[in-house]
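Here the protein sequences line up with chains W and Z, keeping their order. Using the working numbering, the letters of the first sequence correspond one by one to residues 1 to 244. Using the working numbering, the letters of the second sequence correspond one by one to residues 1001 to 1390.
Do not rely on the hints blindly, as some may be mistaken.
These stretches of chain Z come out as covered by chain W in the derived footprint (C-beta under 8 Å, 3 or more residues) [stated by the list, open to error]:
(1) 1007 to 1018
(2) 1205 to 1216
(3) 1221 to 1230
Hints listed in this document are in silico derivations from the structure and should not be mistaken for laboratory results. Since we're looking at a predicted model, the values are computed, not measured. Ideal Cβ placement from N, Cα and C applies to all residues, glycine included.
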Amino acid sequence: MIELESLAKSFGAVRAVQDVSFRAEDGRITGLLGPNGAGKTTTLRMLYTLLRPDRGRIAIDGVDALARPEEARRRLAVLPDSRGLYKRLTARENIEYFGRLHGLDEAALRERTDRLVRELELGDVEHRHAEGFSQGQRVKTAIARALVHAPQNLLLDEPTNGLDVMATRAMRALLRRLRGEGRCIVFSSHIMQEVASLCDVIVVVAHGRVVARGSPDEIRAQAGESNLEDAFVKVIGTGEGLLA
Amino acid sequence: MSRRPWLTVFVKEARENLRDRRTVTSALLLGPLMFPAILVVMLTAIGGRIASDLEKTLKLPVVGAEHAPNLVTWLRQQSVEIQPGPADPKQAVMKKDAEVVLVIPPGYGEDWRAGRPATVELHYDRTHDRAQTTLRRVRSLLEGYGATIGALRLTVRGVDPAVARTLAIEERDAAGVDPLLAMLVAFFPYGLIFAAFFGGMYLAIDSTSGERERMTLEPLLLNPVPRAQLVLGKLAATVAFSTVSLTLCVAAMSFGLTLVPEMPNGVQLSLPPLKALQILLIALPVVLLASASQMLIASFTRSYREAQTYVQFFQIIPIVPTLVQMLSPVEATPATLLTPVLSQSVLISLVGKGRPLELAQVAMSWGATLAVGMLFAAAVVWFYRREKIL
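Make the full structure from the sequences, and use the hints.
Okay, here's the thing in structure tokens:
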């Protein structure tokens, strides 16, 4: 479970995040929706402890992420915006490297990697150098690398960015399966349809603030619109940037 | 218990970079072998030149040959080609028309018959480098003739010639043999430092700005590992490559010099294993300095290319102490021994000259160089702890 309270972060004069609070429950997919530049990536970076908020509180499974960032990171799988691979390592070596950095012993590492390779259908690239992987193979390897320590919580920054239709479908199926396992999943997107089809809870962010929060139905009701897209436009205050 | 994180990073960086042809070539071939190869080729060439000077027929212009027919005959027997002397011997050697001119004055015969030292004059130009070999040969021939006749005179008078020889001098001239040779020897410490810098260069860049450019830095920083451990692992891998390069360079130098034929004038450059080991130990702390400074520079840059430009430029700086030393010899004072790179240069030339080393001198050099290296390493850790790293 992930809880945020009144997060704020400025870069010089730019107030990227002004006031963001929400709670993401286990067994749910929580979508962070907002136009480009709304503060989604900054919020996620604070969540996975890469940026330190100017103000606010973050708890991952009850662990204070500001006081114990390493402990918090152990409970997180993250697919950040930059998802490069080591090109002279094979897919398996890429996954194993991060597993070792998480402190897995060799037996657990082998078992986890075997399982991820099977589940994510990475068998045909397992022993190939990452140089020349397709976008889909790259993202799948990056996800396997993030999941190698079997954490309870997942953070994904625009996970379907740059993926083709098949890879996007596979990604959605994976997220649903992980939800079925009772994990807490938070992902950001600027694509309304994606958020609407996947998420149990939507947090709409604009100008560094949470402007709406709830299930798709609740957001429709909140905005007094019967159409979800109209509801988004209304809570954000402008239609700009929502076009995928 | 699983591995320490820095060791995981070290193994991964080493493995990944061993698969990169450019890194391996620079660490195992270019960096360590370039200078020894140049040295061997140049030494062989210099040796060949001296040998041909020695073997070519000695041509000697003689003024007043008629005053000493026996001497001239003896010289001819020693395969000297006697040429008619110039009108003005001084002008001839100054204008380099002749390397050496032998002048036999008219009083030679009279002195000779009276048993007095008979004077002969040698005209030469001390600043004319190539004439030096000829001068040495002529002088040793004349001395040989004088000694032979002297011994004969003593024998005729019933005295053992050995009585007159109070000293037996054998000359071994090592200094100032050849300006080119001296320069090569002076560049020796830089050759080692170059190997240390070049060996880890690509790894230092690849594991810092390369990591950022490939977009792997952010995922890496998300692991529950202190950033100091990440830096330590990368630094250790760079140091390892740099150490291999430096060791190979010293070994190649030691082996390469055995391939160089002995100089015909008796000069033999060599680096026996024990001396090579001493030199390696003296130069070793430079690998930390080189690795940490390269990582620091590469960390600040935005792209691999930019990093390469700056790091390569920075690599030229360690040549400064070598140049300073070539202009005026630097003594082993506390100030020079506490200056990284310069101290290695000073100590290595001491070893080269066969002087004994004091432990305190080596300790000062080690201490100062490691301290500066660790300062750079600490700066890299500081840099990696900043939020702005991405």
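Task: Structure-inconsistent hints, enumerated in ascending order - done: Going through the list in order, the structure violates no hint and respects every one.
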